[in-house]
Amino acid sequence: MFETYEKGATKAPTWPEVTLLRKGSMHLNSEARRLLGDTDFVELLFDREREVIGLRPSRPDSTNAYKLSGVRDVLWTISLISFLKFYDIDVTESRRRIPTLEKEILCVNLREPGVLVDRKTS
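Quick note: the sequence shown uses my numbering, first residue 126, plus one each step.
Hints listed in this document are in silico derivations from the structure and should not be mistaken for laboratory results. Ideal placement from N, C-alpha and C gives every residue a C-beta, glycine not left out. Among the hints, a few may not be true.
[What the hints assert, rightly or not] Taking lysine-lysine pairs in the DSBU-like style, the calculated list, with each CA pair at most 30 angstroms apart, reads:
1) Lys-228 x Lys-192
2) Lys-210 x Lys-192
3) Lys-192 x Lys-148
4) Lys-210 x Lys-228
5) Lys-210 x Lys-148
6) Lys-148 x Lys-132
[Stated by the list, open to error] Ranges between beta-carbon positions, derived for each pair:
7) Gly-162 x Glu-128: 31 to 39 angstroms
8) Met-126 x Gly-162: 38 to 46 angstroms
9) Gly-195 x Thr-225: 17 to 25 angstroms
10) Asn-189 x Leu-226: 14 to 22 angstroms
From just these sequences and the hints, can you work out the full model?
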């Protein structure tokens with residue numbers, strides 16, 4: 126039995142992915158958000174020595190809470206412009222990385238090259 130391919134449809138990865146976009150935002154797929162306990166709010170952390178960005182689940186009323194904005198329940202976005210400037214993190218290229226979980230912190234290692242994302246929207 127044939128089925129119609131829906132134009133533009135893609136399979137979502139079953140592993141966590143985080144993309145740091147050159148425009149200063151971060152995208153998390155649903156698996157990465159699941160590692161954070163499906164939270165809607167995070168605190169941003171940075172380990173200068175290891176060059177690792179951390180996201181920790183947060184309560185909405187925390188003074189350091191950032192809201193994750195969802196897109197069709199498959200992609201969550203957070204703006205990092207001031208964070209990236211403060212820590213002088215280079216985002217001249219958009220790169221996708223596989224995060225790790227350390228205790229309750231989702232970690233993105235900037236020393237790992239990741240995969241270059243070449244999109245007009247990145």
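Status of the hints after comparison with the structure:
Straight-line distance between C-alpha atoms of Lys-228 and Lys-192 comes to about 21 angstroms, which keeps the hinted pair within the 30 angstroms bound. For the proposed pair Lys-210 and Lys-192, the alpha carbon gap of about 19 angstroms is at most 30 angstroms, so the pair holds. Proximity of Lys-192 to Lys-148 is assessed by CA-CA distance (about 18 angstroms); at most 30 angstroms being required, the pair is judged to hold. A C-alpha spacing of about 27 angstroms is found between Lys-210 and Lys-228, which places the hinted pair at or below 30 angstroms, so the restraint holds.
Restraint check for Lys-210 and Lys-148: satisfied, since their Cα atoms lie roughly 12 angstroms apart, inside the 30 angstroms limit. Restraint check for Lys-148 and Lys-132: satisfied, since their Cα atoms lie roughly 27 angstroms apart, inside the 30 angstroms limit. Judged by the Cβ atoms, the range 31 to 39 angstroms given for Gly-162 and Glu-128 holds: they are separated by roughly 35 angstroms. For the hinted restraint 38 to 46 angstroms between Met-126 and Gly-162, the CB-CB distance of approximately 40 angstroms keeps it satisfied.
The given range of 17 to 25 angstroms is respected by Gly-195 and Thr-225, whose C-beta atoms sit roughly 23 angstroms from each other. Range check, Asn-189 to Leu-226: Cβ separation about 20 angstroms, and the 14 to 22 angstroms hint holds.
Hint check: no violations occur; every hint is consistent with the structure.
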